[in-house]
Amino acid sequence: MTATAPPAATYDAVVIGAGVAGLSAAVRAAEAGARVLVLAKGIGSTHLAPGTIDVLGYAPERVDAPGAALPAFVRDHPDHPYGRLAVADVRRAVEWFKARFDAGVLSGYRYRGSLDQNVLLPTALGVPKPSAVVPETMIGGDLRAGGRVCVVGLRWLKDLSASYLADNLGRAGLGIEARAVELDLRPERRADANALAFARALEDEGFRATLAEALAPRLEAGERVGLPAVLGLHDPRAVWEDLERRLERPVFEIPGPPPSVPGIRVYRALKEALRRAGGRIVLNAVVVGAERANGQVTALRARVAARERTYAARWTVLASGGMGSGGIAVDSRWNVRETILGLPLANVPAAGEPRFAPGYFDPQPLSRVGVATDDSLRPVDGDGRRAAENVLVAGASLAGAEPWREKSGDGVSLTTGYRAGELIEEEAR
Amino acid sequence: MSAGDGVLFDLMRDSLDHCVKCTICETACPVSNATPLFPGPKYVGPQAERYRSRGEPSADHSLDYCSGCGVCTQVCPQGVHIAEINTRARAKLKADRGVPLRDRLIARPTVLGRLATPVAPLANLSLTQPLVRRVVERAVDVHRDAPLPRFAGRTFQAWARRHRAPAAQRRVAYFHACGTNYYEPELGERTVAVLAHNGVGVEVPAQGCCGLPLQSNGLFDDARRYVKRLARRLAPSARAGTPVVSTNPSCALMLKREAREILGLEQDVDLAAVGEATYDICEYLLDLHRDGGLRTDFAALPLTVAYHAPCQQQGHGIGKPALDLLALIPELRTIELDATCCGMAGTYGIKREKYEIALQVGSSLFGQVAGAAPDLVVCDTDTCRWQIERATGVETVHPVDVLHRAYGLR
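In order, the protein sequence lines correspond to chains A and B.
For the first sequence, position 346 (counting from the first letter as 1) is numbered 346 according to our numbering, and the numbering increases by one without interruption.
When you read off a place in the second sequence, starting at 1, and then add 429, the result is the number in our numbering.
Among the hints, a few may not be true.
Said to hold, decoys possible - Quick look at which bits of chain B chain A covers, simulated, 3 or more residues with Cβ under 8 Å: (1) 433-443; (2) 803-817.
To be verified - One-sided excerpt, in silico: chain B residues whose CB lies under 10 Å from chain A: (3) ARG689; (4) GLY746; (5) GLU765; (6) ASP767.
What the hints assert, rightly or not - Simulated restraints on C-beta separations: (7) A:THR339 <-> B:ARG479: 37 to 47 Å; (8) B:PRO759 <-> A:ARG189: 50 to 60 Å; (9) A:GLY33 <-> B:ALA635: 30 to 40 Å; (10) B:GLU760 <-> A:GLU427: 54 to 64 Å.
No wet-lab data here; the hints were simulated from the structure.
It should be emphasised that the depicted structure is a prediction, and the values quoted were computed from it without experimental measurement.
Don't be surprised by glycine CBs; every beta carbon is placed ideally from N, CA and C.
The whole structure should be built from the sequences, with the hints applied where relevant.
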């Protein structure tokens with residue numbers, strides 16, 4: 001917690017974006033000694049994501065071993081962000097991410113798993129989803145083991161329907177026997193309790209005891225218990241272990257819609273890691289442009305209260321996200337642009353070509369738009385020439401991924417962000 | 430409630446169309462995380478705003494529990510001006526229901542200051558008497574235990590009129606704000622000394638209240654009158670190219686942004702000039718350091734200090750320049766506290782019905798201070814300092830106080 005960063009006129013790296021990609025790049029670079037500043041419009045997409053690291057789930061069939069599947073996947077998708085990384089890079093990034101929790105701020109809350117095999121966790125709709133690395137509090141939900149599951153709904157948490165979830169689990173063809181139980185617990189007598197209100201309430205031992213007393217008599221032998229992912233924000237491991245002890249059986253979290261409690265934990269852990277490494281983060285700073293010289297971005301201009309501030313940087317990491325985050329924008333004439341640095345975009349559908357496909361899970365041409373890079377994550381134009389020598393691109397800004405089909409979202413963000421931070425260290429040598 | 434004088438006022442409201450209901454603001458809101466009485470910034474803001482119209486009464490009274498800290502706007506990844514929308518809606522709510530006498534009183538620090546300064550010993554003594562505080566609580570709903578500052582019995586303005594600034598190569602205009610004028614004139618004196626030590630001459634224009642407490646309490650018309658008058662007084666300095674430097678980040682943010690974005694004073698040319706020229710003191714000093722102009726002849730200060738950046742300071746979008754300045758002092762160990770808000774939010778935390786909520790909001794911060802056991806807490810805003818000091822018992826000072834001490838000034 002000690003702030004030691006000496007002030008200087010120039011940052012070694014300015015990272016644009018505070019999602020998993022931006023924070024991973026920032027923490028990795030700062031831990032290597034770089035002076036790092038994160039500029040972000042607001043909090044990133046961590047709070048909207050389930051908190052699992054899904055590296056590769058479908059290609060297009062379900063992937064059991066993402067590490068083993070990556071080489072063939074990259075061969076078939078040479079312009080995919082994973083094509084810019086070696087499998088060893090991906091593996092290193094994943095292990096690094098796990099280690100950020102081992103000594104992190106969330107006292108004992110850990111991630112499990114590796115590239116060797118995917119676990120299958122239920123989504124909020126009860127669909128099995130392959131993930132490589134997941135919080136320890138979710139691992140009991142691995143559906144590959146089959147067995148009996150009791151899905152616990154919380155009546156006042158309207159984000160997750162236990163009976164719907166249980167029905168779908170039973171239909172998943174994995175030999176799961178699932179049923180639903182609903183509890184009428186209402187934290188703080190809130191009229192509109194969201195996941196956060198439950199997470200706070202469950203940090204209180206009394207609330208946990210109430211939950212366990214209400215639930216225990218309704219459980220059947222051999223059932224494990226799936227609860228919405230609301231088992232605490234500050235010390236989730238203690239909450240989880242306490243519930244397992246009280247219920248005398250495995251308990252697991254099922255991630256739901258935003259606000260994602262496991263996602264908030266990821267943000268907290270990475271933000272704290274950044275602070276410990278001497279990095280800085282400024283929210284509500286909208287990067288509106290850059291100053292350039294000799295093919296380099298020399299400084300970034302951010303719009304803050306009353307004026308623009310200029311931040312000189314040796315390196316810029318663009319991790320501003322895709323269309324959902326405003327990093328890439330489409331106008332009403334179908335012009336597509338990267339909004340911050342104006343970098344060239346790849347995979348833009350030509351006039352007359354389809355931009356969308358009718359089915360949600362069909363390949364969606366417009367969604368593959370993004371910044372193409374070389375193997376050093378430098379942005380390149382259509383001829384493969386670098387558009388900026390000292391800009392690295394990470395996360396959903398990158399071209400070629402289809403995260404909702406591949407189940408690769410935070411996998412791409414983590415691994416490319418990590419790699420960007422690592423490249424900053426390597427090139428500083 | 431009247432609208433602003435330009436399109437910005439409408440643009441702020443229209444930003445709610447960018448809301449994707451991601452709830453990120455609700456995860457960060459210090460108040461809704463502390464009490465079920467406030468359902469959260471998304472709920473009362475982008476959601477409820479669609480049901481508000483000028484001619485009709487406000488439907489949702491829970492909005493009154495918003496403290497106006499502005500954190501929701503800071504964290505929103507879609508650029509929705511949540512706090513601005515909510516502050517205006519709160520003003521409408523107050524206009525519908527009537528603004529209580531208490532809010533009209535505490536929103537006018539200049540009036541209180543002018544009345545109490547000549548009788549400061551008596552005023553201070555009275556306000557430490559439990560009986561008096563109970564009467565005050567009964568009469569005007571100011572909580573009996575809320576931290577109230579002590580009147581200094583003199584004003585910084587009076588000191589500044591006597592003080593002769595030495596010749597200097599750089600000049601700033603010091604916007605000291607009401608807290609420094611009536612309660613903490615020594616902060617103003619130290620600021621002048623620290624600037625002078627760095628070859629910066631200080632002019633202290635006649636000024637006055639920025640209108641922020643009036644704005645927070647829904648008295649928009651009065652707030653506009655106050656901030657326009659302040660801008661008119663500071664404008665000559667700003668137009669002469671002299672930076673306007675402030676030791677109160679809340680009042681400075683009013684000039685930089687809030688009077689334009691919340692009160693809608695877009696066309697006021699004085700305010701525009703002053704806003705662009707306004708700097709938080711730490712922002713200014715760190716820029717000075719970047720340009721090689723800050724003296725670093727600090728004596729070692731073998732202390733542990735815990736730094737809290739107030740919400741409104743974070744609204745500047747400048748990060749935490751105080752941390753970089755404190756890092757220049759040898760042997761000073763600075764702990765960066767990881768808390769959003771102390772709960773005070775200007776006048777919110779002294780109100781009888783909100784006092785407990787404010788303490789709950791600040792509980793994480795107070796716990797961290799207790800854990801760190803620092804020699805001092807450092808915090809940029811006066812009302813936050815009073816709250817932290819009262820709740821933790823640890824002396825709480827402005828970053829300039831620490832710099833002043835490390836420079837060996839007196």
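Quick rundown of the hints versus the structure:
1. 433-443: Three-residue rule not met by the region 433-443 of chain B, so violated; n is 0.
2. 803-817: n = 0 at 8 Å, threshold three: violated.
3. ARG689: Holds. Min distance 9 Å.
4. GLY746: Since the shortest Cβ distance to chain A is 3 Å, the answer is holds.
5. GLU765: Hint holds; B:GLU765 Cβ to chain A Cβ min 5 Å, cut 10 Å.
6. ASP767: Holds - the Cβ of B:ASP767 comes within 10 Å of chain A, reaching about 7 Å at its closest.
7. A:THR339 <-> B:ARG479: 37 to 47 Å: Cβ of A:THR339 to Cβ of B:ARG479: about 27 Å, so the range 37 to 47 Å is violated.
8. B:PRO759 <-> A:ARG189: 50 to 60 Å: This hint holds: roughly 53 Å between Cβ atoms.
9. A:GLY33 <-> B:ALA635: 30 to 40 Å: violated, 50 Å
10. B:GLU760 <-> A:GLU427: 54 to 64 Å: Violated - the Cβ-Cβ distance for B:GLU760 and A:GLU427, about 35 Å, lies outside 54 to 64 Å.
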